[in-house]
Amino acid sequence: ASEHQMPASKQQPASPNIAIFEQENFQGRCHELSGACPNLKDAGVDKVGSILVHSGPWVGYEQASCKGEQFVFEKGEYPRWDSWTNSRRSDSITSLRPIKVVRAPRQPLPTRQTKDSQEHKIVLYENPSFTGKKIEIIDDDVPSFHAHGYQEKVSSVRVQSGTWVGYQYPGYRGYQYLFEKGDYKDSSEFGAQHPQIQSVRRIRDMQWHQRGAYHPSN
Amino acid sequence: MTSEAMDTLGQYKITVWEEESFQGKRCEFLMECPSIMERGFRKIRSIKVESGPWVGFEYPEYQGQQFILEKGDYPRWEAWSGNSGYRTEHLLSFRPVKCANHNDSKAILYEAENFQGHKFELSDDYPSLQAMGWGNKEVASIKVNAGAWVAYQYPGYRGYQYVLERDRQNGEFKKYSEYSSQAHTNQIQSIRRIQH
Numbered sequence: 001a002s003e004h005q006m007p008a009s010k011q012q013p014a015s016p017n018i019a020i021f022e023q024e025n026f027q028g029r030c031h032e033l034s035g036a037c038p039n040l041k042d043a044g045v046d047k048v049g050s051i052l053v054h055s056g057p058w059v060g061y062e063q064a065s066c067k068g069e070q071f072v073f074e075k076g077e078y079p080r081w082d083s084w085t086n087s088r089r090s091d092s093i094t095s096l097r098p099i100k101v102v103r104a105p106r107q108p109l110p111t112r113q114t115k116d117s118q119e120h121k122i123v124l125y126e127n128p129s130f131t132g133k134k135i136e137i138i139d140d141d142v143p144s145f146h147a148h149g150y151q152e153k154v155s156s157v158r159v160q161s162g163t164w165v166g167y168q169y170p171g172y173r174g175y176q177y178l179f180e181k182g183d184y185k186d187s188s189e190f191g192a193q194h195p196q197i198q199s200v201r202r203i204r205d206m207q208w209h210q211r212g213a214y215h216p217s218n
Numbered sequence: 219m220t221s222e223a224m225d226t227l228g229q230y231k232i233t234v235w236e237e238e239s240f241q242g243k244r245c246e247f248l249m250e251c252p253s254i255m256e257r258g259f260r261k262i263r264s265i266k267v268e269s270g271p272w273v274g275f276e277y278p279e280y281q282g283q284q285f286i287l288e289k290g291d292y293p294r295w296e297a298w299s300g301n302s303g304y305r306t307e308h309l310l311s312f313r314p315v316k317c318a319n320h321n322d323s324k325a326i327l328y329e330a331e332n333f334q335g336h337k338f339e340l341s342d343d344y345p346s347l348q349a350m351g352w353g354n355k356e357v358a359s360i361k362v363n364a365g366a367w368v369a370y371q372y373p374g375y376r377g378y379q380y381v382l383e384r385d386r387q388n389g390e391f392k393k394y395s396e397y398s399s400q401a402h403t404n405q406i407q408s409i410r411r412i413q414h
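Line by line, the protein sequences are chains A and B. Numbering of the first sequence is given in the working numbering, commencing with residue 1 and proceeding in unit increments. Numbering of the second sequence is given in the working numbering, commencing with residue 219 and proceeding in unit increments.
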């Protein structure tokens, strides 16, 4: 095992940064982005073969202008297209943007509830316009809606806090849908052709979410 | 039937089909299946987990790539596989994951083999370990103190999957080759608790 760089214990908020390589395994021409790119072709990127996220999170889209199938990228290494999706529909990324993360409120609360002050809350509804059966999730990830007794489709979503990703299948598989703070009245508003979501998780990054972050002690 | 197998009856239920979208030959299981071929199946192409979790394996006798199967519908193999580099459509054996406990799961990641070096104590899910401060894309050893976890090669729960249970190997995974019979790298970029 080689020597590894461990992070400094005090991390500065970093501006978004992503490196796109035209070939697999971080080979070929490399393009770095630090902000939204509505059309990678216009930016001189012929194809996306692998991706290194230095600072995230980001969301990639199959089509230009942030349209079509979505692919979430968090800090880490993605050496081939099937490390970010195994979609049947598409293996191309044409646009990318940083995901807007709202800093969790960090007021100094005096009670023990402080550590449970809610950072992430989402409600998913069976029918459009926030009606029908619902599943509400606070500060947790849910790899199986069925395990929580929810077997219905998802046609509308309300994000009260945090940033989330929903997935077509259990265990975070299949089509991905990014949910930022706000209301999605029907499935077309979150980009779904079929209103099926069976798992959902938070997007967390220590730049905004200190709870559970790693601080190496020497 | 062993007494261990008796314990699982009623608590675990999985149905497998030979074709996609829950079509063709089907079979229901309440306990582990070391080889689906012995049940006259040539393949598995869709799965419903009514009570879980389960872990599926690429080859008979619980060998090869692992696939976590929590409660829900899996209409085609892409719904459970997420591997990279080496695609497989095989899922030929499976067994229940008995110690999953989403609310009480604890694990410790270590920078070096044999539980040495920097360590990171977990009780929550980490879709990107690096986003939460872990310094590199590798984890050299893992101790599971409670529950069951699934670790993944890539961020966002993709790539090779390693199911790590408290009640297997005493929860101790001293080097990457103990994560799974097919692990050939210590690359782990995301990890999460298994839902029961």
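Some clues are possibly wrong.
[What the hints assert, rightly or not] DSSO-like cross-link-like pairs, simulated, lysine-lysine; straight-line CA separation at most 30 Å:
(1) B:Lys243 - B:Lys316
(2) B:Lys316 - B:Lys392
(3) B:Lys324 - A:Lys121
(4) B:Lys261 - A:Lys121
(5) A:Lys100 - A:Lys47
(6) A:Lys67 - A:Lys100
(7) B:Lys266 - A:Lys100
(8) A:Lys47 - B:Lys324
(9) B:Lys392 - A:Lys153
(10) B:Lys231 - A:Lys134
(11) A:Lys133 - B:Lys231
(12) A:Lys134 - B:Lys355
(13) A:Lys134 - B:Lys266
For the record, the hints were derived by calculation from the structure and aren't laboratory data. Everything numeric in this text was worked out from a predicted model, so none of it was measured.
Each hint, compared with the structure:
1. For the given pair, B:Lys243 sits about 27 Å from B:Lys316 by alpha-carbon distance, which is consistent with the 30 Å threshold.
2. Distance check on the hinted pair: B:Lys316 and B:Lys392 sit about 21 Å apart at the alpha-carbon level, within 30 Å; holds.
3. As the CA atoms of B:Lys324 and A:Lys121 are separated by approximately 23 Å, the hinted pair is consistent with the 30 Å bound.
4. Of the pairs offered as hints, the one joining B:Lys261 and A:Lys121 is violated, with about 40 Å between alpha carbons and a cut-off of 30 Å exceeded.
5. Between A:Lys100 and A:Lys47 the CA atoms are separated by roughly 25 Å; this keeps the pair inside 30 Å, and the hint holds.
6. Distance hint between A:Lys67 and A:Lys100 is fulfilled; the C-alpha atoms sit about 17 Å from each other, no more than 30 Å.
7. For the proposed pair B:Lys266 and A:Lys100, the alpha carbon gap of about 36 Å is over 30 Å, so the pair is violated.
8. With a CA separation close to 41 Å, the supplied pair A:Lys47 and B:Lys324 exceeds the 30 Å bound.
9. In summary, the hint linking B:Lys392 to A:Lys153 is not supported, as the alpha carbons are separated by about 42 Å, beyond the 30 Å threshold.
10. For a cut-off of 30 Å, the pair hint linking B:Lys231 to A:Lys134 stands: about 25 Å separates their Cα positions.
11. Between A:Lys133 and B:Lys231 the CA atoms are separated by roughly 25 Å; this keeps the pair inside 30 Å, and the hint holds.
12. Between A:Lys134 and B:Lys355 the CA atoms are separated by roughly 37 Å; this puts the pair beyond 30 Å, and the hint is violated.
13. Restraint check for A:Lys134 and B:Lys266: the C-alpha separation of about 22 Å stays at or below 30 Å, so the hint holds.
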